[in-house]
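Just need the whole structure built from these sequences, with the hints factored in.
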Amino acid sequence: METNYAVEMRNVTKTFGSTVANKNVSLTIKKGEILSLLGENGSGKTTIMNMLAGIYFPDSGQIFINGREESIRSPKDAFNLGIGMIHQHFKLVDIFTAAENIILGQAEGRLNKKAVRARIKEICDKYGFKIDLDKKVYNMSVSEKQTLEIIKVIYRGADILILDEPTAVLTPQETERLFNVIRNMKAAGKAVVIITHKLHEVLEISDRVTILRKGEYVGTVNTRDATEMMLTEMMVGKKVELNIDRKEPRNTVKRLEVRNLSCYNREGRLALDNISFTAMGGEILGIAGISGCGEKELLESIAGLQKTATGSVIFSDPSTGTDIELIGKSPRVIKNLGIALSFVPEDRLGMGLVGSMGMTENMMLRDYNKDGVVFVNKANPRHLAETIKEELGVVTPSINTPVSRLSGGNVQKVLVGREISSAPAVLMTAYAVRGLDINTSYSIYNLINEQKERGVAVLYVGEDLDVLLSLCDRILVLCGGKLSGIVDARTTTKEEIGLLMTKSGKTPETGEGKGETEDE
Amino acid sequence: MSKETSVKEPLIRLTKRDGMPVWAKILVYLVSILLALGVSALFIFFVTKLNPVDVYKTMWQGAFGGISDTVRKLHISVTVRDICTLLLLGVALAPAFKMRFWNCGAEGQMLMGGVATAFIMIKLGNSGLPNWLLLIIMCAGAILFGAVWGLIPAVFKAVWNTNETLFTLMMNYVAIQITSYCVALWENPFGSNTVGIINQSSRAGWFPELFGQRYGLNIIIAVIATVAMFIYLKKTKQGYEIAVVGESKNTAKYAGISVKKVIIRTMLISGAVCGVAGFVGVAGVDHTISTSTAGGRGFTAIIVAWLAKFNTFFMVAITLLIIFLNRGASEIASKFALNEYAANIITGIILFFILGSEFFITYKMHFRRKVKEA
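Chains as they are written, first to last, in my numbering: chain A, 1 to 520; chain B, 1001 to 1374.
For the record, the hints were derived by calculation from the structure and aren't laboratory data.
Among these hints, one or two may not hold up.
Unchecked claim - A partial selection of chain A residues facing chain B, derived with a Cβ cut-off under 7 Å:
| hint | residue |
| --- | --- |
| 1 | 17 |
| 2 | 179 |
| 3 | 305 |
| 4 | 365 |
Computed from a prediction, not measured in an experiment: that's the story for all the values here.
From the three backbone atoms N, C-alpha and C, an ideal C-beta is built for every residue, glycine too.
The structure is reproduced here in structure tokens:
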């Protein structure tokens, strides 16, 4: 048997209840190569890798590590085989320093701190990591935490690294640095797997691409032979038009004026710092920023869900032309004034929908209270649920199935569908396409564009800069609760936005300045 | 393929089920009850040296049977009476629990309802009011007192976000103290330290016999409450709001629901129905008031509400089971001269198995497959 493979998985199947997450998937990972695992959400990318990392155990199939069949029953087994996985949600102890997190759980015999630090330093130098070992995790940026996770895994002796959507939370500059590190790891002979659904990254970094679709193995191609079109087709199963039809904004009118808006978040930190901007009807205003930059508070303040400290939000009614102050009004008061404010919040099941309820009952959420009857009227929401299921292609056993049982993409379709159905004057979306497959993403972009043409003022908070650049008319960039700039989406570049997102010169670490301790 | 002996699956793996058809759920429950009876039989045989079949027969007799027709009728009517009171309390908890407001104060809310009932019974018993009017006034008083006892923790929860479990629990003790003060106040005969049977000769404020049934009115009240609460929770806007608040307060705010208002309103209802249970307990069953009028049923109701998943119709089945076990247990305790604990152990075993069956309904177990010869 060829032992050039670091990992070989044969006919691996995993089911959850009646859902088949992976069906007879076979794949190989070579030493010293970067393999991209490409697939839409729900295609089973993370599941198959979780089986390698010992988090799930396959229902059937074989796993060979360095040519030997192994059974990986726990993350500990995986560690012993040199497999390390960096999950989307970091598993770090917040109140520990970087060094403490790396050593954690490794104490065999006496702890020689000096030797440990020397080894960490050696790893950092070898692969090009930059990290402050004495910095506490709660003071770290997302990118630093990710770096720490990777160092931790390498320190524990991993030769096979799996990164689950590593770039989802990074700025373009941070992504570039991560890719450099990954290339260094490849050069050192490690096998690296990147789980992703971003095509340009696949083409940029990987040697081979393995594509999964709906839990099944589609194929593996060498990256140098691959094109974006071809990969999309393999991923989706049919040809997809990857163009966003951006029309020039017509007849824009002032719809929403935000003036000097400030607010504190639950921890009492200033989350929005003196924000002023105007959103026009008939235009898509993109909002970019690293997660936690105040985007959530901004939308919630406008929706009447967030207590504000100062400032005002003026809504200009398109039909009457009157100006109405929104600050200080609850969502119900705003609705009763006849202001159609639609909001797709980031937390779909925790805020936008009720997980234990079916589509019908979720349709009622926004206007169940419209008429003054004691009993709920389920006929209209049922009709709306059927329509949305039909038009957006929501995959659900029935419109009465609890929405928490649906996949992330379908949950989002339900939410976006409901919000758009109410013919809004302002549409606010936070990460509207997060977790959605390409097809659905593009149908959501189209829906948003339709709203724009209807004269709706759209506020689009997004994380994918490529999409922001091709969908929006203007892009507002937030950094740490401050407005760092509003740019024209047609003329700006990814790099410019990336810099505005971190608002500092070259590296994000510098200039943060908080909680840093002096070096030795 | 090479044969590998080092590859081992874990012995037992658990996976979550997608859902289970209703018949399968019922089957699991039936099997669990049979298993429970089996285990209890072992306990009965080895610890008390009695014949388990005899013991079970006696339990059945205690709840639904009897040596003669009169005894049987008496047993059944007592069983039905107890079911009504417990069911009312379970129904009272349903809206609060659906809102994830852990009302552990049904005991106190029922007692306060009972105190109000007894107070009006004593004060207006000789006023010459027609009995139906007196009953309505008593019921209104009980609803008011129960609702106030539910309102207090609700306001604290809504405004200052206090812990409702602790708060409602402590309110029970306050209610007990108030009750014992009232008992001392209304003592009759003097020095007995009990209130005695109120209006024994005039029967003013007692539930009348309905359709020849001593507890006819109890049944009617329980049935109305059960059906009304079902409709309230499933079909009304307020019921919808309760479900949304229970699932996620953030979603409720997003939908423009005033969380505070819903908490307060729902606890008023929950407390009010508990008050009705107190009214039924005093005017329809005991005709007196004491600190043990609720008798721990406010807590048993929590089990009822949970086992029934807050569905008021399932509560009927659960209360039936629990009351059957209680009645049966006290019957075997007296007949076989066992102490109460032996009977309670049997009850405990059966409840334990029923709770355990939840596990098998939620999860599926996979055992390591036998190695197949390749």
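Going through the hints against the structure:
1. Because the smallest distance between the Cβ of residue 17 of chain A and any Cβ of chain B comes to about 3 Å, under 7 Å, the interface hint for this residue holds.
2. Interface restraint check: residue 179 of chain A against chain B, minimum CB-CB distance 36 Å, threshold 7 Å, status violated.
3. The beta carbon of residue 305 of chain A comes within 6 Å of a beta carbon in chain B, closer than 7 Å, and the hint placing it at the interface holds.
4. Contact between residue 365 of chain A and chain B, as hinted, is supported at the beta carbon level, the nearest pair being about 5 Å apart and thus within 7 Å.
In summary, the one numbered hint that this structure violates is 2.
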